[in-house]
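Peer 1: Sequence:
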Amino acid sequence: MTLKSGVLWAKIMEEVADALIYCHEKKVIHRDIKPENLLLGLRGEVKIADFGWSVHTPSLRRKTACGTLDYLPPEIIERRTYNEKVDLWSIGVLCYELLVGSPPFESPSHIETYQRILKVDVRFPPSLPLGAQDLISRLLRYQPSERLPLAQILEHPWVRAHSQRVLPPSIQMAS
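Here the sequence shown stands for residues 1 to 175, numbered as in UniProt numbering.
What the hints contain is simulated information worked out from the structure, not anything from laboratory work. Some clues are possibly wrong.
As the list claims (entries may be wrong) - List time: in silico DMTMM-like cross-link candidates among lysine to aspartate or glutamate, alpha-carbon distance up to 20 Å:
id : residue 1 : residue 2
1  : Lys11     : Glu45
2  : Lys26     : Glu36
3  : Lys26     : Asp50
4  : Lys34     : Glu45
5  : Lys11     : Glu36
6  : Lys34     : Glu75
7  : Lys47     : Glu97
8  : Lys119    : Glu155
9  : Lys47     : Glu15
10 : Lys119    : Asp134
11 : Lys27     : Glu106
12 : Lys27     : Glu45
13 : Lys119    : Glu75
14 : Lys34     : Asp18
15 : Lys47     : Glu75
16 : Lys119    : Glu97
17 : Lys47     : Glu78
18 : Lys26     : Glu15
19 : Lys119    : Glu106
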């Protein structure tokens, strides 16, 4: 797997999306998806760690401000009620950071970072593949309801084009 080809990053996006589908089905919002909270298993599988900010909420509606600055979605910054779609925003930030090397809204001051997040001021370097730009831009939406659902991340053309993920036979049969 080479970093340039996108294979590794597509695999990470798939596995994080898949893990979050499970969490959200169990009414758990992680609220702190970032590189430091991902682990690699012995077979190269990606695992989500650090559920310290996560919350089990049957209604999936929260108002608590928490998380890592560069990964905060607009609704948390504005202290609006939010739901599991905050994790979709974080996946978009994660994808950008893995491919570019820094978070999309990183700025010299916290205030500037907040402002860029609220404007969804994403600047894509020309070297970033168009498919990856499309995936990221579909996740980094101001309106949570407009963010690409987790299941559609798994089917996104950029992810599919780079995917080398092989599902266990039991999962393949269920599909």
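Peer 1: Please go over all the hints and tell whether each is borne out by the structure.
Peer 2: Hint check:
1. Lys11 to Glu45: holds (9 Å)
2. Lys26 to Glu36: violated (23 Å)
3. Lys26 to Asp50: holds (17 Å)
4. Lys34 to Glu45: holds (16 Å)
5. Lys11 to Glu36: holds (17 Å)
6. Lys34 to Glu75: holds (18 Å)
7. Lys47 to Glu97: holds (18 Å)
8. Lys119 to Glu155: Violated. Lys119 to Glu155 sits at ~28 Å, over the 20 Å cutoff.
9. Lys47 to Glu15: Within the cut-off at roughly 8 Å; holds.
10. Lys119 to Asp134: Holds: Lys119 and Asp134 sit about 18 Å apart, inside 20 Å.
11. Lys27 to Glu106: It is violated: about 30 Å lies between the C-alpha atoms, which goes past 20 Å.
12. Lys27 to Glu45: Violated: Lys27 and Glu45 sit about 23 Å apart, past 20 Å.
13. Lys119 to Glu75: Status holds; Cα separation ~12 Å.
14. Lys34 to Asp18: Roughly 15 Å separates the two Cα atoms, so the pair holds.
15. Lys47 to Glu75: Roughly 26 Å between the alpha carbons, so the hint for Lys47 and Glu75 is violated.
16. Lys119 to Glu97: holds (18 Å)
17. Lys47 to Glu78: violated (30 Å)
18. Lys26 to Glu15: The hint holds at about 17 Å.
19. Lys119 to Glu106: holds (13 Å)
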